[in-house]
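In order, the protein sequence lines correspond to chains A and B.
Just so we're aligned: 95 in the numbering used here is position 95 of the first sequence, and the numbers increase by one with no gaps anywhere.
Just so we're aligned: 23 in the numbering used here is position 23 of the second sequence, and the numbers increase by one with no gaps anywhere.
Keep in mind that a hint or two might mislead.
[As the list claims (entries may be wrong)] Computed list of chain B residues with no C-beta within reach of chain A, every gap over 12 angstroms: (1) 13; (2) 84; (3) 115; (4) 151; (5) 154; (6) 226; (7) 257; (8) 297.
[What the hints assert, rightly or not] No farther apart than 25 angstroms at their CA atoms in a straight line, the calculated lysine-lysine pairs in the DSS-like style are these: (9) 171/A x 213/A; (10) 109/B x 109/A; (11) 213/A x 244/A; (12) 171/A x 50/A; (13) 171/A x 109/B; (14) 282/A x 213/A.
The hints are simulated quantities; they were obtained by calculation from the structure and are not laboratory data.
For each residue, glycine too, the CB sits at the ideal point set by N, CA and C.
Number of protein chains: 2
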Amino acid sequence: MIPETQNLESFLRSAVSLVDEKLDQIVPAETVEPADLHRAIRHSLFAGGKRFRPAFVFAVGNTFGVETKKLLSLAAAIEMIHTYSLIHDDLPSMDDDDLRRGHETCHVKFGEATAILAGDALETIAFQVLAEDEDLTAEIRVRLISEVARGAGTPTGMVAGQHVDLESEGKDISVEELEKIHRGKTGAMIRVSARAAAIIAEVSEKDLEAITKFASNLGLLFQITDDLLDVTQTTEVLGKTAGKDVLSEKATYPSFYGLDGTRKLAEKVHRETIAGLEEIEKPTEILRSIADYILDRRN
Amino acid sequence: MIPETQNLESFLRSAVSLVDEKLDQIVPAETVEPADLHRAIRHSLFAGGKRFRPAFVFAVGNTFGVETKKLLSLAAAIEMIHTYSLIHDDLPSMDDDDLRRGHETCHVKFGEATAILAGDALETIAFQVLAEDEDLTAEIRVRLISEVARGAGTPTGMVAGQHVDLESEGKDISVEELEKIHRGKTGAMIRVSARAAAIIAEVSEKDLEAITKFASNLGLLFQITDDLLDVTQTTEVLGKTAGKDVLSEKATYPSFYGLDGTRKLAEKVHRETIAGLEEIEKPTEILRSIADYILDRRN
C-alpha cells in the first residue's frame with residue numbers, strides 16, 4: 001500500500017512502477033508470437049506515459065482504505081484502455097499524429113494494420129484482467145467491467161467523445177459542445193478511474209456520488225490544462241506534437257477565452273474541484289495534491 | 001426456448017430473430033448522439049449477417065439444457081465482437097474490402113475514422129452486456145468475459161490470428177501455419193461460442209472438453225468451406241468480394257490441395273467433427289445438423 005503521507009512526487013513514482021510491473025506481467029512478451037503485434041503493444045504501452053489514471057485509481061482507492069493489491073488490475077486495465085485509445089486516435093484517418101509520449105506513434109513504427117490490431121488487443125486484455133482478478137469478488141468484477149465498458153464506449157463514453165471531436169474539427173461549436181466532447185473523450189475514463197476504485201472500496205452511495213463529482217471536475221481541469229499546454233509548451237516537453245489543436249482547427253478553451261481567460265478558468269475549476277472534497281469524510285490530502293498537480297502541471 | 005425438434009432451417013431463422021431483437025435493444029438507436037457513430041454500428045450489425053455464431057451458442061446451450069433467455073447476452077456479445085472484427089478487417093490498411101454482407105463496408109459508407117470507432121464501440125458494448133446480464137450469476141459472467149476476451153484477443157485469439165494472416169500475405173506458408181492462422185482468426189470465437197454456452201450450463205469438465213473439441217473441428221470445417229466458397233461462389237451469393245483470397249495472395253486450402261482435394265478434406269473433417277459428438281451424453285441432433293449445414297453451405 002502506498003502510504004498517504006508520502007509527498008505527491010514519490011506517490012506518482014510509486015504508481016508508475018506498480019502499474020508498469022502489473023502491465024508487464026499481463027501483456028504477452030515480445031518473444032511470444034505474433035511477436036510484431038506484441039512489440040507494437042509494448043512500444044505504445046511502455047513509452048513512458050505519466051500513468052495519471054492509474055495514480056488516480058490508487059489515490060481514490062487508498063483514500064477509501066483499499067489495499068493497493070486490489071487496485072492493480074483496475075489501474076492496469078484503465079491504462080490499457082487509455083493506451084489503445086491513443087494508438088487509434090493517432091491513426092492517419094483520425095488525428096494523424098507521428099509522435100506520442102516522445103516516441104514514434106504505433107502506426108508510424110509498425111504500420112497501420114498492426115496499430116489497429118494492437119489497440120484492439122489491448123482493449124480485450126483490459127477486460128480479461130478485470131474478469132480474472134481473484135483478489136476481487138465476482139460481484140465487484142462485473143461492476144468494474146460495466147463501469148469501464150460504459151466509460152470507454154458509447155453513447156456517453158470515450159469513443160463517443162472522440163467521434164464528436166472528429167466531427168467538430170473545423171466547425172464552429174459552442175463552449176457547451178466543447179465540454180460535452182471532453183466529458184466523453186477524456187472525462188469519462190477519469191470518472192471511471194475514481195468510481196471503479198470507490199466500488200472496490202464498497203463505499204456508500206453518498207461517497208460514490210461525491211467522488212464522481214470530484215472526478216468530473218478534475219477531468220475538466222485536466223482538459224483545460226491540456227489545452228493550455230498544447231499552446232504554451234514545446235513538442236519536446238509534451239512528448240506529442242505541440243500546437244496541434246490550432247493546426248487541426250480544433251475548438252479549445254484558449255480559442256474561446258484566450259490564454260489569460262483560460263488560466264483563470266482553470267483556477268476556478270480547481271477551486272470547485274477541491275471544494276467537493278469537503279463532502280468526503282476521509283483524509284483527502286492526496287486527492288487535493290492531485291488537483292493541485294493538474295492545475296500546475298508542465299506536461 | 002428453441003425446441004430441438006425443429007428442423008435446422010427454422011432453428012437458424014429463430015436464432016437470427018432472437019439475437020437481432022437483443023442487439024436492437026442493446027445498441028444505441030440511430031437517433032442517439034453521436035448519431036453517425038450509431039448509424040455506422042447499426043449499418044454493419046444489421047446488414048443481414050447469417051448469425052452463425054449466435055445460432056451455435058443457442059444450439060450448444062439448448063443441448064445442455066439452458067433456457068434461451070440465459071444465452072441471449074452471450075449470443076449478442078459474440079456477434080458484436082464478430083461484427084467489429086469484420087469492420088476493422090475490411091479497412092484499407094487491412095484486407096481493404098468494399099463489400100460485406102451484401103452492403104458497402106462500414107468505412108466506405110461512413111469513412112475510416114467512424115469505422116474504426118464503430119468497431120471499438122462494439123467491442124465495449126459486447127463486454128458491457130455480459131457484465132450486466134442479471135439472468136446470470138456474477139461468477140458465470142466473469143467466466144464468460146474471460147473466455148470472450150481471450151478468444152477475441154492475443155496471443156491465441158482472433159486478433160492474433162488476423163495479425164498472422166496479414167503478415168502471411170504473399171508468403172509461402174505451410175499448411176500447419178495456415179491452420180494456426182485460422183485457429184485464431186475464425187476458430188477462437190467459434191470455440192468460445194460453444195465453451196461459453198457450456199459454461200452457462202455449468203457442464204462437467206468432461207463435457208466442456210468434448211464440446212471444445214467439437215467446436216474446434218467445426219471451426220476448421222467452417223474455414224475450409226469458406227475457402228471453397230471464395231473460389232466457387234459469386235460475389236452476389238457471398239455478399240462479400242469473391243475470389244479475394246487469390247487476389248490478395250492468401251494461402252487457402254484450395255491453394256494447397258486443389259478444389260477436389262479440399263472437398264475431400266472438408267468431408268474428412270466433417271466426419272471427425274460428428275464423431276466427437278459420441279462423447280457427449282445428451283441428444284446432439286442439432287449439433288449434428290449444424291455440422292452438416294457447414295459442410296454443405298452455399299454462402
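Please list, smallest to largest, the hint numbers that this structure does not respect. 2, 3, 4, 5, 9, 10, 11, 12
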